[in-house]
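From just these sequences and the hints, can you work out the full model?
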Amino acid sequence: MKAFDFLNQTSEITIPMGKTMVLDKGLGLNAVDDLIATAGDAITFVKFGWGTSAVMDRNLVMAKTARYAAAGLIPYPGGTLLEAALANDQYDAFLDEAKALGFKGIEVSDGSTTVAADIRHDLIIKAREAGFFVISEVGKKNPDLDHELTPAERVAIINADLAAGSHYVILEAREAGKNIGIYDNNGNIKVDELDLLAENGIDKLIFEAPLKAQQVALILKYGPQVNMGNIATEDAISLATLRRGLRGDTLGKIKSAADLAH
Amino acid sequence: MKAFDFLNQTSEITIPMGKTMVLDKGLGLNAVDDLIATAGDAITFVKFGWGTSAVMDRNLVMAKTARYAAAGLIPYPGGTLLEAALANDQYDAFLDEAKALGFKGIEVSDGSTTVAADIRHDLIIKAREAGFFVISEVGKKNPDLDHELTPAERVAIINADLAAGSHYVILEAREAGKNIGIYDNNGNIKVDELDLLAENGIDKLIFEAPLKAQQVALILKYGPQVNMGNIATEDAISLATLRRGLRGDTLGKIKSAADLAH
Amino acid sequence: MKAFDFLNQTSEITIPMGKTMVLDKGLGLNAVDDLIATAGDAITFVKFGWGTSAVMDRNLVMAKTARYAAAGLIPYPGGTLLEAALANDQYDAFLDEAKALGFKGIEVSDGSTTVAADIRHDLIIKAREAGFFVISEVGKKNPDLDHELTPAERVAIINADLAAGSHYVILEAREAGKNIGIYDNNGNIKVDELDLLAENGIDKLIFEAPLKAQQVALILKYGPQVNMGNIATEDAISLATLRRGLRGDTLGKIKSAADLAH
Numbered sequence: 041m042k043a044f045d046f047l048n049q050t051s052e053i054t055i056p057m058g059k060t061m062v063l064d065k066g067l068g069l070n071a072v073d074d075l076i077a078t079a080g081d082a083i084t085f086v087k088f089g090w091g092t093s094a095v096m097d098r099n100l101v102m103a104k105t106a107r108y109a110a111a112g113l114i115p116y117p118g119g120t121l122l123e124a125a126l127a128n129d130q131y132d133a134f135l136d137e138a139k140a141l142g143f144k145g146i147e148v149s150d151g152s153t154t155v156a157a158d159i160r161h162d163l164i165i166k167a168r169e170a171g172f173f174v175i176s177e178v179g180k181k182n183p184d185l186d187h188e189l190t191p192a193e194r195v196a197i198i199n200a201d202l203a204a205g206s207h208y209v210i211l212e213a214r215e216a217g218k219n220i221g222i223y224d225n226n227g228n229i230k231v232d233e234l235d236l237l238a239e240n241g242i243d244k245l246i247f248e249a250p251l252k253a254q255q256v257a258l259i260l261k262y263g264p265q266v267n268m269g270n271i272a273t274e275d276a277i278s279l280a281t282l283r284r285g286l287r288g289d290t291l292g293k294i295k296s297a298a299d300l301a302h
Numbered sequence: 041m042k043a044f045d046f047l048n049q050t051s052e053i054t055i056p057m058g059k060t061m062v063l064d065k066g067l068g069l070n071a072v073d074d075l076i077a078t079a080g081d082a083i084t085f086v087k088f089g090w091g092t093s094a095v096m097d098r099n100l101v102m103a104k105t106a107r108y109a110a111a112g113l114i115p116y117p118g119g120t121l122l123e124a125a126l127a128n129d130q131y132d133a134f135l136d137e138a139k140a141l142g143f144k145g146i147e148v149s150d151g152s153t154t155v156a157a158d159i160r161h162d163l164i165i166k167a168r169e170a171g172f173f174v175i176s177e178v179g180k181k182n183p184d185l186d187h188e189l190t191p192a193e194r195v196a197i198i199n200a201d202l203a204a205g206s207h208y209v210i211l212e213a214r215e216a217g218k219n220i221g222i223y224d225n226n227g228n229i230k231v232d233e234l235d236l237l238a239e240n241g242i243d244k245l246i247f248e249a250p251l252k253a254q255q256v257a258l259i260l261k262y263g264p265q266v267n268m269g270n271i272a273t274e275d276a277i278s279l280a281t282l283r284r285g286l287r288g289d290t291l292g293k294i295k296s297a298a299d300l301a302h
Numbered sequence: 041m042k043a044f045d046f047l048n049q050t051s052e053i054t055i056p057m058g059k060t061m062v063l064d065k066g067l068g069l070n071a072v073d074d075l076i077a078t079a080g081d082a083i084t085f086v087k088f089g090w091g092t093s094a095v096m097d098r099n100l101v102m103a104k105t106a107r108y109a110a111a112g113l114i115p116y117p118g119g120t121l122l123e124a125a126l127a128n129d130q131y132d133a134f135l136d137e138a139k140a141l142g143f144k145g146i147e148v149s150d151g152s153t154t155v156a157a158d159i160r161h162d163l164i165i166k167a168r169e170a171g172f173f174v175i176s177e178v179g180k181k182n183p184d185l186d187h188e189l190t191p192a193e194r195v196a197i198i199n200a201d202l203a204a205g206s207h208y209v210i211l212e213a214r215e216a217g218k219n220i221g222i223y224d225n226n227g228n229i230k231v232d233e234l235d236l237l238a239e240n241g242i243d244k245l246i247f248e249a250p251l252k253a254q255q256v257a258l259i260l261k262y263g264p265q266v267n268m269g270n271i272a273t274e275d276a277i278s279l280a281t282l283r284r285g286l287r288g289d290t291l292g293k294i295k296s297a298a299d300l301a302h
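Residue numbers (the numbering used here), protein chains in the order written: chain A, 41 to 302; chain B, 41 to 302; chain C, 41 to 302.
Treat the hints with care, as some may be off.
For chains that are exact copies, the list does not tell them apart, and a pair is met inside one copy or across any two.
For lysine-lysine, the following DSSO-like pairs were computed, each having C-alpha atoms within a straight-line distance of at most 27 Å [as the list claims (entries may be wrong)]: (1) Lys144 / Lys230; (2) Lys293 / Lys218; (3) Lys166 / Lys42; (4) Lys144 / Lys295; (5) Lys252 / Lys139; (6) Lys42 / Lys139.
These are calculated hints, taken from the structure and not from any lab test.
Structure below.
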């Protein structure tokens, strides 16, 4: 049971919470235990950011994935690592090693490299066939390249990925959340672009939203069921309070399920 | 005994250190143990920020308050949680639950909601009667609303709160410390407003000062006995060094007790 | 063995990694254990920042240095603490206490105080004679004073320090990395100044580079063998990925040993 449980009862019953992906930049086991104990039930996915798992000891990575999975979370390696493997024509070895390490998900991305649409399609299929939960990412890590992607192109990729079998499509914003994807130089949402991206609904989208102002804006716009990613591990609890209207920024401002149905 | 104890002896003897409140945004028990072991004797209050305690397991919150209290620190839930309870007319339940969870202090605030002066007065009295250490907070979390509060109004609230029984009054600056209270858009102190607020002395005031530059400015102005809050847990040790002139920013610049008496 | 080891094999064999110094601002033992387990083999030096060790319990500091040293890392107290001791004419006591606490290195600096060249020379000699690994630091913590140092003067100090026996010379950038040393107000590298400083090679230099953009720029310019310091402990793993081309910023851009030989 939660502390101060009487405060949670209304919103928890009426509005399901969105999925949260946190960004594990290299936590040790003590910190992993702390994260699971404090915020485990508010987290769905744990991304081992970019290539961080490849500079850590195998046994340590296996211990981490085991703890996350035992708590019901889905650990997965960052898409950049997949891209590095792909550049060496090692995708099969990548999937095998990911499975051996205890990862439950795979992120398919082309943020740092170029991947043809048909190859991307095959990557998603293959990861699904190997039994992974699949999240594909749309966007470029280089802002100049990212700006070349029109909203219509992003929508097309989203739709193609979902058709290929991605469980969710995640919208790139990196760790910093500025001048990329739906965010301008100051990290504010470009609302027109967001609206275009979300025209088919947001259920299958995960918005990378590393900054608190982004999390607040998305919750106020879509309600607490919006899916968000690249949340710093130390902000997981804060995000849970924002979703429930238990921080000043959203207190008394969370839309009800009835509001959201309109 | 401290390491390099010979370096500490002069200042520790002559100038008492101010109170420090750290902001616990959702630490797990491993991190709590680390915080107490490293900086416990430099901390007086631990605020479980805003509604963070209400999204964590009851048993975990109780374990945390027990460890803080055993180390002589005063844990208390954020004022936003009190405001959420008050909005539901659940103040009594809030105090009961806070006591059951092992909190030793209560923060009375109206940062996110409107609370009439007479009700605020009663909240302070009731928390005192329930045996809590009481800190009341002055300021609004919304910058536009916060700017409407004149220094004279803030002083009036401070005086009323202390008269009602608050042990300390804390000046709001949020987690970010910019464009709020005594801080401008860049987080610099607005000296004129600070001087007005401090006209009756600073002994009973706690300045939220999340940024290092703010901590340095307050220590250089008032000496190490200035009370500060919303200190990030990872900065607790840094603040202790700033107070003692053991970081470049204050090395050789700490006022002596004699200076401060003038 | 590393996870995804097949991805590491090329670069690890051909290019030795530079030294990394992380900034320990007051970690507790749980966090120290996490740091060693995750990134220990990617770290050479651990600086206990400025005077942080002097506000912690002696036994705790001794436990920390013991764990770092057992993992093959070189712990050392921040230069500001040496300067504080020097101001009290307590250098011998400082070295004795550092040794008793288990520190393996000493940082000789004048970032916050003025130290004559001949005294600086003697400090380095004495620390070497006492059996310490010696890193001397060039630069002032106050930006105005720091700007008065010309590149030529910095080079002269570097050369004098190495002649006196410093194992490495570290270039000051503080914890924030802006408007100081080789960095402008935005934290970008002033390339002309950097080139002057590096004219005799970079093997014996450690660049303080707290910001990711600085780490990326130095790696792209000099290759992964560039030595960097003041790395936040939570960024140690990220830096290891940047050095190996396993983060988007450096993926496919790391110079080969052959490139670097030109």
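Here's how the hints hold up against the structure:
1. In this homomeric assembly, lysine 144 and lysine 230 never come within 27 Å of each other (Cα to Cα): the closest approach is 33 Å inside a single copy and 45 Å across copies.
2. In the homo-oligomer, the alpha carbons of lysine 293 and lysine 218 lie at most 27 Å apart both inside one protomer (25 Å) and across protomers (23 Å), since each shortest distance falls under that limit.
3. For the identical chains of this complex, lysine 166 and lysine 42 are inter-copy neighbours only, at 25 Å across copies versus 41 Å inside a copy, given an alpha-carbon limit of 27 Å.
4. For the homomeric pair lysine 144 and lysine 295, neither the shortest alpha-carbon distance inside one copy (33 Å) nor that between copies (34 Å) is at most 27 Å.
5. Proximity of lysine 252 to lysine 139 under the C-alpha cut-off of 27 Å is found in neither arrangement, the shortest distances being 33 Å within a copy and 31 Å between copies.
6. Proximity of lysine 42 and lysine 139 under a CA criterion of 27 Å is satisfied inter-copy only: 15 Å between copies versus 34 Å inside one chain copy.
Checked against the numbered hints listed earlier, the structure breaks hints 1, 4 and 5; every other hint is satisfied.
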